[in-house]
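Asker: So the sequence lines, in the order shown, correspond to chains A and B. Just so it is clear: in the first sequence, position 88 is 88 by full-length UniProt numbering, and no numbers are missing. Just so it is clear: in the second sequence, position 83 is 83 by full-length UniProt numbering, and no numbers are missing.
There may be inaccurate statements among the hints.
[What the hints assert, rightly or not] Here are some chain A residues pointing at chain B (derived, C-beta under 10 Å):
#	residue
1	GLU19
2	PRO20
3	SER21
4	ARG49
5	SER76
6	LEU94
7	ARG96
8	LEU138
9	ARG148
10	ASP149
11	TRP158
12	ALA167
[To be verified] Here are the in silico distance ranges between beta carbons for each label pair:
#	chain 1	residue 1	chain 2	residue 2	range
13	A	HIS182	B	ARG243	31 to 37 Å
14	A	SER76	B	ALA81	24 to 30 Å
15	B	THR284	A	GLU32	28 to 34 Å
16	A	LYS34	B	ALA136	40 to 46 Å
17	A	ARG111	B	LEU250	23 to 29 Å
18	B	PRO148	A	LEU190	56 to 62 Å
19	A	SER179	B	GLY213	25 to 31 Å
It should be emphasised that the hints constitute simulated quantities derived from the structure, not laboratory data. Cβ coordinates follow ideal geometry from the N, Cα and C atoms, glycine included.
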Amino acid sequence: MHRVEAHERGHPGVAPPDEPSDDDVIRASLAEPKRFGPLFDRHALPVHRYLARRIGPAADDLLAETFLVAFRRRASYTSGVGVRPWLFGIATNLLRRHVRTEERRYRALARLAAGESTPSVIEDAIDRLDAAALRRDLALALASLHRRDRDVLLLTAWADLSYEQIAAVLDIPIGTVRSRLHRARRLTRLALALEEPT
Amino acid sequence: MNEINLLRTHGPDAPEASTETLRLAKDRLAREFAAAPVRRTVPPLRRRTLLVAAGATVVAGAGVGLAVRPLGPAEPLTLVATTIPEFPLTLRSRPATLSPPRYSYAPGQFLAVFLSRSTTDDVYLLVGDSRPAPIATTSRPVTVAGRPAEIYEESNPGGPRRLAMSWERTPGQWVSLTGHRRFADDAALLRLAEHLVDEPQQVPLRVRLAPRGWRVAMFKDDTILTLQGGSPDETLTVQVVPRRDPDLLLNVTGAREERRVTVGGREARLIRADDMWFLQAEVTGGAVVNLQAPLRLSAGQVIAIAEQISVTPRRA
């Protein structure tokens, strides 16, 4: 409910010109529910991508759930946070029921990256091995993070939210966002440094 | 390249949502529209007109001389003292690695979360009036203070270990202790259970005044407290926020006017929005709280409720 930065980093001007803003859409939908519809068209793709990067195919169901929860809670939405960050927050909260799926996915992706075939040209091979190792190490790092730290890290990296926006949508103090992000980044760096390709 | 950029460029990725996925999700949402209750927002002038008309109907029907009384939802609410549930147990000899508990509540379930300073060894203590849902299909029997208990181990190959032990501590009082990592151990859980005593704990966020008949619907993580009356519109929410918002008029949805008021001797701000009151105040101890209340309450009642909010500073 508190004030956060009104701008949405990386996705300004979500409403096309001459169309009602996201906040106007939410307000209008209180009296006329179907007016909520344009928010799906504006935000479904980035929300789905965020979910899919985290839990893979199960994102399809969670996308629908995210918008259903948002619709049911639209009366409590406050304009400061921005609709897209708000949706990312709802999606992140829904992901908490799928922590094991998410961690299994990262570990599976790490195994996949480790087992990629070597191309014939040696330079390409080195590049691809480096990239594959990096993908493997990143996936393993994500799997090993605590869920709360991972939420903050991925809302920063993949949803492009600011500290203030993350604090607002996860309902945690900004100092907690900073400390969780600091810890997540430190552990990720550590994982990348310690697990050099062999 | 830092790790944030590496995550963007080399982190796990996924294909874009298919047209079919989007269509199915949108269809589910559209079905929800049809079933949704509609909130009627009537401009204040129009609302007053309707009330007068309703009152006139009563007068006309009941005869001259009867008081004009607002109907149904416009009936005034009376404030009465209210109590906030207390967490019924105390964990004596809390391990030094665990922080003081943070409480969450929903009817029938009361949760104390002991976060670990390492962030991985948390302990959850749930007290409820029914058997908690198990986290695994199989369990092993143990005994806690002479009562039968079950320990469940979550199946999480390669992931962090999590154990939950649950038992009926007293008739109708079910307790579940969940340990992560170093506390995910039979002996560790049994040791913790030995230190549970019947000593109710006040939750940090409390309000002592509420409309008659309203009850605590939930609180969450010591920061959000919700009371509800008989209908979904009868909701009062208190939230602890990190700091004052300098621009409430801009940021509260549907804000119409702002008043400077006094709460507990300190300046506070009261916003009248389209469909609610929104009050931001600093309470004793320095915490800033937001109070949202329905417009059925008067401004004076909202301020009176805010005067009775307290936030106990968190212990180290």
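Asker: Let me make sure I understand: some of the numbered hints might not hold for this structure. Which ones are they, in numerical order?
Answerer: 1, 2, 3, 6, 7, 13, 15, 17, 18, 19
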